[in-house]
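Asker: So the protein lines, in turn, are chains A and B. Its first residue numbered 12, the first sequence is counted upward by one per residue in this note's numbering. Its first residue numbered 12, the second sequence is counted upward by one per residue in this note's numbering.
Quick list of the computed label-pair ranges, beta carbon to beta carbon: (1) Glu161(A) / Ala153(B): 53 to 63 Å; (2) Asp208(B) / Gly158(A): 41 to 51 Å; (3) Pro197(B) / Lys305(A): 44 to 54 Å; (4) His191(B) / Gly107(A): 41 to 51 Å.
If you're looking for bench data, these hints aren't it; they were derived computationally from the structure. C-beta atoms are modelled at their ideal positions from N, C-alpha and C, and glycine is treated no differently.
There are 2 protein chains.
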Amino acid sequence: MAVYTEVPDDEVESFLTEYNIGDVLSLKGIAEGVENSNYILHTTTGHYILTLYEKRVEKADLPFFLGYMQHLAAKGISCPVPIAGKDGNNLRELCGRPAAITAFLDGMWPRRIQPFHCRALGKTMAEMHLAGQDFSLTRPNALSVKGWKEVLDACEDKGEQVKAGLTDTLNKEYEYLEKHWPGNLPQGVIHADMFQDNVFFIHEKLSGVIDFYFACNDLLAYELAICLNAWCFELDNSFNITKAQLMLRAYQEVRPLTQNELQALPLLARGASLRFLLTRLYDWINHPEGAFVKPKDPIEYLNKLKFHQSVKSIADYGIAL
Amino acid sequence: MAVYTEVPDDEVESFLTEYNIGDVLSLKGIAEGVENSNYILHTTTGHYILTLYEKRVEKADLPFFLGYMQHLAAKGISCPVPIAGKDGNNLRELCGRPAAITAFLDGMWPRRIQPFHCRALGKTMAEMHLAGQDFSLTRPNALSVKGWKEVLDACEDKGEQVKAGLTDTLNKEYEYLEKHWPGNLPQGVIHADMFQDNVFFIHEKLSGVIDFYFACNDLLAYELAICLNAWCFELDNSFNITKAQLMLRAYQEVRPLTQNELQALPLLARGASLRFLLTRLYDWINHPEGAFVKPKDPIEYLNKLKFHQSVKSIADYGIAL
Chain A
12 MAVYTEVPDD EVESFLTEYN IGDVLSLKGI AEGVENSNYI LHTTTGHYIL TLYEKRVEKA
72 DLPFFLGYMQ HLAAKGISCP VPIAGKDGNN LRELCGRPAA ITAFLDGMWP RRIQPFHCRA
132 LGKTMAEMHL AGQDFSLTRP NALSVKGWKE VLDACEDKGE QVKAGLTDTL NKEYEYLEKH
192 WPGNLPQGVI HADMFQDNVF FIHEKLSGVI DFYFACNDLL AYELAICLNA WCFELDNSFN
252 ITKAQLMLRA YQEVRPLTQN ELQALPLLAR GASLRFLLTR LYDWINHPEG AFVKPKDPIE
312 YLNKLKFHQS VKSIADYGIA L
Chain B
12 MAVYTEVPDD EVESFLTEYN IGDVLSLKGI AEGVENSNYI LHTTTGHYIL TLYEKRVEKA
72 DLPFFLGYMQ HLAAKGISCP VPIAGKDGNN LRELCGRPAA ITAFLDGMWP RRIQPFHCRA
132 LGKTMAEMHL AGQDFSLTRP NALSVKGWKE VLDACEDKGE QVKAGLTDTL NKEYEYLEKH
192 WPGNLPQGVI HADMFQDNVF FIHEKLSGVI DFYFACNDLL AYELAICLNA WCFELDNSFN
252 ITKAQLMLRA YQEVRPLTQN ELQALPLLAR GASLRFLLTR LYDWINHPEG AFVKPKDPIE
312 YLNKLKFHQS VKSIADYGIA L
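Here chain A stands alone, though its shape is the one from the complex:
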């Protein structure tokens, strides 16, 4: 929940002279996103989102993110389309920060995930993976196997304060994954943060995907693994095989998984668990006292990791080889 940079009325007025989207009528900061400042911008031509990129986003990565959204939108994927200025650029500066305007996307993120959400997600995810195949820019995933090690080291042994034995579990899991991580699976651009607050629905229809600021090149099936964790567990940590089956089947109707991908899925799911367990643990032990944004519980992802460690085959995810 955040507006880090306040945009004065006269500054947005002059900013809009660089675009062909009319004159400003209203600008309201929205309480969404923890990385950037976001505004709903109403002009004489419609509604938009104005984003000011704060320090947690690398400026050098913005052409990749904005270009990817533009690329997806051109292929019919519903996402916030960046609006180009009169000079053709969609990235400029406002109040000393990199800034972009995107189309406003209707829809709400689902507070209670139901099976139909998972089915719609699987289909859209596969469509995004196919649409991204000919995107020309690349960005390595800073939070893939090598990146996990850096977070693991940065946590030192402070995981012990959260749960006894956690450091040992993390080290062993990392060693195992580092040794067995597959290198030969289909790659492409993934969203990499497709949690429920980044996927909008209008009733049962998926209306769009937002927040592409973790997008990167990685194994496509790894995105499915992230979403198995983010969408298919209940609040009591139990795994909902119906949701997983619907998501995986819907995905495969658009982009069938290879045998190698299917076989790797439990391992990828362990990796996805470790990745969010580590970053949540880091945020948990490093968040400032009394900070406004409450860190998320890392132990939720320890439970998910344990589930995937216990999986015998992908039949446990509701599908067959």
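Place chain B on chain A using the hints.
Answerer: Relative to chain A, chain B alone:
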């Protein structure tokens, strides 16, 4: 900057079945207002503001506030018009809180006050005062003379921590005002919090007034006194007589002030200074360590008070008796 209560997607969907404003398309919490939770609501019929009233607003006062907005809107004053539900009520409950939907109001509040803003404000203020004359509900001003005493007592002598001698200044000023406060001036409904962030403009045109949650019955000229303080001082504490003159003249073109009101203006301005000095002081000495909302500097209002104490006649505000 605040969304205290998060409204889930399914709860807003069922809430909207009580209205005739279509189906929800989007709901985004906005980072505005420190008292309530506000959302921009987009439905199939347009844009609205959904407000959930948090504990700082008395539920018993809401019919007054909403009724006043409705009354003003019916008389052509641009403000957030409350939308009635199918049953005719504009106040209902959502997520355990009193809630109302109002029309969305375009415009932005001016970060840098210019003379034309003050002229437009004077005109609209007078129109509001006239429009409110036949509003049937009443609400006493909890922050008029009697209320100041309560805040003064609650501050004890902690003002000394902010500035040496402050407690003595406050006590003496209160005694003086309590003795001389006029009882025979025209009364009516005033907004009572018409600061720059509550008045919207589109370029030079005043597009509307928001945030009626301090509205009450009081001396009409006291509202002018509040606005002399809020709109006619520069950041260096100097009084801008041009702005004051434009505001007062524009007001009088719609509603001429009586001789008594004109004569009382310096005294009313002292009262308006004391009122905001006291509440800011109270918030300053009582705000929780590390709170997200930074309290406003009370000393700004001590400087304003000193100016009005030094005023010899209303000629110092740029107008004549």
